[in-house]
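Protein chains: 2
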Amino acid sequence: MLIRLFALTVLSLPLTALAAPPVRVSSPDGRIVVELDSDPDGRPTYAVQRDGKPLLAPSRLGFLLVDTPKLDRAIAVTAPRTRSFDETWEQPWGERRRIRNHYNELRVTLAENAKPRRHLDLVFRVYDDGLGFRYEFPRQEGLPTVRIREELTEFTLAGDATAWWIPAGEWNREEYLYHRTPVEAVGDAQTPITFRLADGTHLSIHEAALVDYSGMNLTRVEGRRLKASLTPGIDGAKVTREAPFNTPWRTVQIADDAGGLVTSSLILNLNEPNVLGDVSWVKPMKYVGVWWEMHLDTKTWASGPRHGATNENVMKHIDFAAKNGFGGVLVEGWNVGWDGDWFGNGEDFSFTRSYPDFDLEKLSAYAKSKGVVLIGHHETSANAAHYESQMGAAFDLYQRVGVPAVKTGYVSDAGQAKVIGADGKVHYVWHEGQDLARHHLKVVTEAARRHIAINAHEPIKDTGLRRTYPNWISREGARGMEYNAWGNPGNPPEHEAMLVFTRLLAGPMDFTPGVFGMKTRAPDGVATTWAKQLALYVVIYSPIQMAADLLENYEANPGPFQFIKDVPVDWEETRVLNGEVGDYVTLVRKERGGDNWYLGAITDEEPRTLKAPLSFLDPGRRYTAQIYRDGPMADWKDRREDIVIEEREVGSTDTLELKLAPGGGQAIRFVAR
Amino acid sequence: MLIRLFALTVLSLPLTALAAPPVRVSSPDGRIVVELDSDPDGRPTYAVQRDGKPLLAPSRLGFLLVDTPKLDRAIAVTAPRTRSFDETWEQPWGERRRIRNHYNELRVTLAENAKPRRHLDLVFRVYDDGLGFRYEFPRQEGLPTVRIREELTEFTLAGDATAWWIPAGEWNREEYLYHRTPVEAVGDAQTPITFRLADGTHLSIHEAALVDYSGMNLTRVEGRRLKASLTPGIDGAKVTREAPFNTPWRTVQIADDAGGLVTSSLILNLNEPNVLGDVSWVKPMKYVGVWWEMHLDTKTWASGPRHGATNENVMKHIDFAAKNGFGGVLVEGWNVGWDGDWFGNGEDFSFTRSYPDFDLEKLSAYAKSKGVVLIGHHETSANAAHYESQMGAAFDLYQRVGVPAVKTGYVSDAGQAKVIGADGKVHYVWHEGQDLARHHLKVVTEAARRHIAINAHEPIKDTGLRRTYPNWISREGARGMEYNAWGNPGNPPEHEAMLVFTRLLAGPMDFTPGVFGMKTRAPDGVATTWAKQLALYVVIYSPIQMAADLLENYEANPGPFQFIKDVPVDWEETRVLNGEVGDYVTLVRKERGGDNWYLGAITDEEPRTLKAPLSFLDPGRRYTAQIYRDGPMADWKDRREDIVIEEREVGSTDTLELKLAPGGGQAIRFVAR
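Listed in order, the protein sequences are those of chains A and B.
Using our numbering, read the first sequence as starting at 1 and increasing by one per residue.
Using our numbering, read the second sequence as starting at 1 and increasing by one per residue.
Here chain A stands alone, though its shape is the one from the complex (with noise of 0.2 Å):
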């Protein structure tokens, strides 16, 4: 028994209070409109429009907290405050260097009507490409400290949509293949969402500047309600906060098409800008490394006859990557601690001490004569734990002898991350959990004090923290190429169409492309064209980008390998041309300080022809179209070396036709004349 009726009646709210007219706050072009409200239990909700059209319906608000009332009914929607906010901002590497931060703010107080009254700030961001709202807690008496139970934030769609998502909560974190469903057959989603709706809309609901708080997760409760589900902590609350403090930016992208998602820069303006200061020490860069013989089990990462990191291999990869115009050369298995059940255990690494076949002194130094940098490898199996007891000898070695940047892993199954928690114990925890968000902000800390850069694989998901952090350089979180050397299946024709409207909305990806020995222990191998492999540099966006394929792969194709070798990793300018999400994509890149462009476009299994007008080129000039094209006979399944390499000059009136192959893309240079 007992309603929302009889709760209204008994706790005898002031109705006045919650019959208040909603707030609204628009976006600069006025074409989305946030509306604030309560509903008749005194909930607070939020709705979206966008052109007069619903986006999301009417969505719930609020908190459920450990051992003390929810903050969820009985609270009045008070106080609304708006500001505007208007500038450009340059990123220091980036898929475009300047950047616009033009958005509505709407400020208002939740004000719990009834005992014990507490309040909470809500603000929304409203800008031309979507939405960011989060809480934010005062210091306030009953309430210092904040241990949050459940966020009950939803997101329910207003209309019929299809969506693009994988499964929350499972075996090994991110790395999934992506399900395609109508909103009503979501499960348990990870974020990035995406969504299309029936007029074409795109939408991607994700996160922004998640610190020292619970990755979320959403569950659809039914229909097309969709709810935040935390990630869990060490015990019953899933965030442990002192006030005040504020939670991550919750985040809806909208846009006229799929392209528009990509280009959108949403997710890095609601993070805070920069606070390394200056950050020229991180370096954009293409790198090689042993690393897919392991891959391919042809090597081990242990140590043993067939150990990869030993000194004469590592030699033989700083000399391909100074003769190719390579920046760094990463090394995995490196260390002691390779020999044992080291998934989702760890203790036993040790991040100082080499196996004794490879001489890290030696090899930097050896690196460094040869204008190269070895790219450093702490696999953490997510004893975060075990992994901060040596961080910071670990990165002072690193530092001392010149490595750069380090490639971090967190191999273990969920919830199988092990941290020290509050008592001193260690505790299991989850990959995207409060104390391996904490974790992670230290690691990158600790490693921008030594001018380190990190890319972290099985992280935690990225929501634009290289704002602030620019030494966070990319990260994995998601299925990557390794999927096409043993995955079982590996990755289809469709995957890498898929991360980009998806797992790339969120941020870089470390996806390792570039692969020509096409037969692998998967079972189709890797599933494109080489002309593919090659418009993969342009398409999936890192500022570092590895060479990954085995060196004698490279230098028996030195015609595809020229592409590998010129295409930059850091960017002026950005543009999508065409796009579906899971479909085909393509993107054009203007390189950062200098005025060649670069083209990369993908597709599924299906072939296709796009069209491609070269508007983006600067008009009255001349360029030499580098073409790297699927060549007549190319199919991803038994053709994948069938490519075209040619030269055609163009200009920005011409709209070139793009023949992609079954699993194929094609790959251009445009060279300024």
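Honestly, the hints are just simulated from the structure, not real lab data.
Warning: the hint list may mix true and false statements.
Where chains are identical, the list cannot tell them apart; a pair therefore holds if satisfied intra-copy or between any two copies.
Derived lysine to any residue pairs resembling SDA-like cross-links, with alpha carbons at most 25 Å apart [stated by the list, open to error]:
| no. | residue 1 | residue 2 |
| --- | --- | --- |
| 1 | K425 | R147 |
| 2 | K283 | E446 |
| 3 | K283 | A322 |
| 4 | K425 | T240 |
| 5 | K611 | T655 |
| 6 | K425 | R241 |
| 7 | K115 | A302 |
| 8 | K425 | T145 |
| 9 | K323 | G620 |
| 10 | K115 | G340 |
| 11 | K565 | A302 |
Note that this is a predicted model, so its numbers are computed, not measured.
Given chain A's structure and the hints, the job is docking chain B onto it.
Frame of chain A; chain B shown alone:
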């Protein structure tokens, strides 16, 4: 990076053990086969088929534990042991007297192949009407206390199915309207969840014997894959137990049609036999009460000029009960504590102090003099901590004055129930977590010591514990009649035809039917015909049934009221003549200790003509069928009161045509001649 193939390589599992042939067990009739196996990671799985057709695809088993490695991978299914069991037992009260408990059992040991080499038993019992399985944790080194973070049990439907379900984890626990969706559109769902497969086979997933454990919900991961999602606990553990212990049974009822689920006794069979001994003091009965008038808001629970629980009003109800053959009178709002903000609070309730206008001693004596009993009422607002501090004294009081049954109430939002933890402090918990599971059994056993029966509202879900504790006589746990008093929306015409095949599979419900006064505060009032109100006494099983309406409505309508006076609440046998989930159903029941049969048929908003072959009647015997049917103009919207009451002589070879109006029903009493 790092995947399953690697995990296997790294952990060096004994692959021979994992590759052992699957273990099988069949139902006594051989139609259902359960197969246990391991997936390539050494994860134990079970699969279910019937008549050679897969019902559940291989589905995972295991546990995520607090601060210790998962019980998940690298597990061998070893030491299979089988046995058969066949007995027939008698219910002290129930929907049928005799129940056959006939199953084949398979017990295996799940043993980790690698460190820390833990083990547990997994037991399957396979019946002709479904299966149950549970985990049994033995005492073992390194795992004396088991702290379960999540149960990894999954249920993956093998094919397309329609699902009927209510969402989990929401504000008012179990009181929802049911969704009908494809299985791929199930969200977070409570159990029982009911499925209809393409070939008409019906399944229902639930649990049996929820004792000192956390209630199981189901989260749909993706596709048709549902996983257990236990109700949270006080801290990071959803369940904390000292070994040895068993989990509840995870149950899958399987039937050829919807009606087969209704007559299944699987849930009861998987509970332990009666531990209370002689329970002849537990009396099934019909009752009236000081109740509906509060829901109509003409009286109040709180004190004041409209107080319902006055001596005068209660005596009026006692007189009415005595005159019309009702066993009991429920009185709500009799005790101190209703005047404040008691919703979700409950600290002000006294369970021994009456309001001054309610004289418990005097009224009990008056009731006794009239041959009826008072039914007690304990609204706790889910403050179990507060209730337990007074419960002993409260039951003592009721025992002294001769109150043999208590309706308890747990009105509060989800996650806002209160218990005392092991630390002696008050903690906020869920209605269906381990702490409230313990609390309810504490209430039931304390009540049993005083020969008091318990009818819990806003309860923990029913899992068949009435077999073990026959004084746990009924409960709410779904949207009852009260929603027709004030719900917005109220219960739609399909509601009861939905409950029969979902919530009621778990056990009896104190739905409180029998309302003739159809105009209420709900927009559609009571959205059924009068004939359907009568049919509900047969359709909805409960050993206690309220005549919920205002007394004057019964006095004004002696014709239809006669059926409510006549219908029994305890049964020798129950059969389902026809039915489809959420559409319609016809049940017949034979009274216990008599020769008469009763029929109840209901429909949703669609008018229907149902055939009722009377072959359940004794062959050769004649019966007078006292028929209460929808009149020719009857309709749930505007002619609810159009009822025809007539008599016919019938025998077992007759077939009746039941004409049901939109939102209508039919009730028949077959009096043996």
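How the hints compare with the structure:
no.	hint	in the structure
1	K425 x R147	both (20 Å within a copy, 16 Å between copies)
2	K283 x E446	within (18 Å within a copy, 71 Å between copies)
3	K283 x A322	within (16 Å within a copy, 90 Å between copies)
4	K425 x T240	both (17 Å within a copy, 19 Å between copies)
5	K611 x T655	within (7 Å within a copy, 72 Å between copies)
6	K425 x R241	both (19 Å within a copy, 21 Å between copies)
7	K115 x A302	between (61 Å within a copy, 20 Å between copies)
8	K425 x T145	both (21 Å within a copy, 17 Å between copies)
9	K323 x G620	neither (36 Å within a copy, 102 Å between copies)
10	K115 x G340	between (57 Å within a copy, 12 Å between copies)
11	K565 x A302	neither (31 Å within a copy, 81 Å between copies)
Checked against the numbered hints given earlier, the structure breaks hints 9 and 11 and satisfies all the rest.
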